[in-house]
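Produce the entire structure from the sequences given, and follow the hints as far as they go.
Heads up: the sequence shown begins at 14 in this note's numbering, then just goes up one per residue.
Any given hint could turn out to be false.
[Said to hold, decoys possible] Simulated crosslink set (DSSO-like; lysine-lysine; CA at most 27 Å straight-line): (1) 140 / 90; (2) 90 / 79; (3) 152 / 140; (4) 47 / 83; (5) 105 / 18.
Think of the hints as simulated: they come from the structure by calculation, not from any bench.
From a predicted model like this one, the values you see are computed outputs, not experimental measurements.
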Amino acid sequence: MDKYKENRNFMKSNFHEEVISDQQKQLPQPPLIKPYGEDDELIDLLEIDKGIVTKDNVFDCIVDRKSHRKYKDEPLKLEELSYLLYMTQGVKSIRGNNYATLRTVPSGGARHPYETYLAVDRVEGLKKGIYRYIPIGHKLLLVKEEEDISSHIV
14 MDKYKENRNF MKSNFHEEVI SDQQKQLPQP PLIKPYGEDD ELIDLLEIDK GIVTKDNVFD
74 CIVDRKSHRK YKDEPLKLEE LSYLLYMTQG VKSIRGNNYA TLRTVPSGGA RHPYETYLAV
134 DRVEGLKKGI YRYIPIGHKL LLVKEEEDIS SHIV
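This is how it looks when you write it as structure tokens:
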């Protein structure tokens with residue numbers, strides 16, 4: 014019987030009972046986004062056009078989705094990039110006194126620990142280089158201009 018209890022206890026997920034979170038320790042909250050310099054070059058992205066999605070239900074969007082392996086020579090439109098960035102990390106609202114961001118994607122405790130970086134080669138109106146998405150304000154930050162970015166992308 015002791016072996017049974019021992020193995021049963023092993024299968025329980027109780028490791029979290031001994032963990033104390035930063036919130037429980039009353040440590041200061043991390044910033045909502047990674048800070049950037051006042052002199053950094055910011056690019057305003059376009060407002061989101063809800064009409065860009067032509068299907069009116071999720072089922073049709075998923076069922077009709079297709080992968081394409083032949084890429085066009087034309088650059089991505091800034092409107093398309095703006096839409097993609099907002100839908101993958103956009104901030105819908107800020108709660109409390111800069112307590113948390115509510116975004117288009119879930120995150121435990123609304124902490125959103127990820128930063129979105131882009132290697133831009135062919136986007137209308139953007140220089141080639143590395144950019145960081147600034148979700149509060151829906152902007153891009155030019156991290157590094159790189160004219161030969163395509164040779165660095167695998």
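Here's how the hints hold up against the structure:
1. 140 / 90: Roughly 13 Å between the alpha carbons, so the hint for residue 140 and residue 90 holds.
2. 90 / 79: holds, 20 Å
3. 152 / 140: holds, 15 Å
4. 47 / 83: violated, 36 Å
5. 105 / 18: Distance ~48 Å between residue 105 and residue 18 Cα, so the pair is violated.
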